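*Asks:* From just these sequences and the hints, can you work out the full model?
For the sequence shown, our numbering assigns the number 1 to the initial residue and increments by one for each residue that follows.
Please note that a few of the clues may not be correct.
No more than 30 angstroms apart at the CA atoms, straight line, and that leaves these computed lysine-lysine pairs for DSS-like [stated by the list, open to error]: (1) Lys96 / Lys61; (2) Lys96 / Lys66; (3) Lys98 / Lys57; (4) Lys22 / Lys61; (5) Lys57 / Lys68; (6) Lys69 / Lys22; (7) Lys61 / Lys98; (8) Lys22 / Lys66; (9) Lys98 / Lys69; (10) Lys57 / Lys22; (11) Lys98 / Lys66; (12) Lys96 / Lys57; (13) Lys53 / Lys66; (14) Lys68 / Lys22; (15) Lys68 / Lys53; (16) Lys69 / Lys96; (17) Lys96 / Lys53; (18) Lys98 / Lys68; (19) Lys53 / Lys69; (20) Lys53 / Lys22; (21) Lys69 / Lys57; (22) Lys53 / Lys98; (23) Lys96 / Lys22; (24) Lys96 / Lys68; (25) Lys98 / Lys22.
Worth flagging that the hints you see were computed from the coordinates, not collected in a lab.
Everything numeric in this text was worked out from a predicted model, so none of it was measured.
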Amino acid sequence: AQIVELSELFFADGLEYNEEEKGILAEEQVPEVLNAFYNELSGLEGYTPEAIKTSLKVVQKNTGHKGKKLFMPVRVAATGSIHGPDLARTLFLLGKEKVLQRIENVVQ
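*Replies:* Printed below as a string of C-alpha cells:
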C-alpha cells in the first residue's frame with residue numbers, strides 16, 4: 001500500500017497541499033525562487049540530475065536564497081511534499097514538462 005502513496009507524485013496531474021506545505025508556498029521568497037527556477041529549467045538543454053543541481057545553484061546565486069528557503073518551495077511545488085528523496089533526481093524522474101507545469105500552477 002505504501003508504494004501507491006510514494007508513487008502518486010509521479011502520476012498525479014494536480015497536487016494538493018496540506019497546511020504545512022501551503023505555509024511554505026506562502027513564504028515571501030517563493031515567487032522569486034520559483035520564477036527563477038522555472039526560467040532556468042525552461043532554458044535547460046540537457047535535463048539530467050546534474051544539470052538540475054546546477055540550475056538550483058544558479059538560482060541560489062541569482063536570488064541570494066539558499067538552504068530550505070530555496071529547496072523547500074521547489075520540492076513542495078514539484079512534488080506536493082515536504083519530504084522525499086534527493087531533489088534533483090526526483091525532479092529528473094518527474095520530467096521537465098511536469099515539473100514546469102507544477103511550478104506554473106503554484107506561481108499563478
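*Asks:* Checked against the structure, which of the hints given earlier come out wrong?
*Replies:* none
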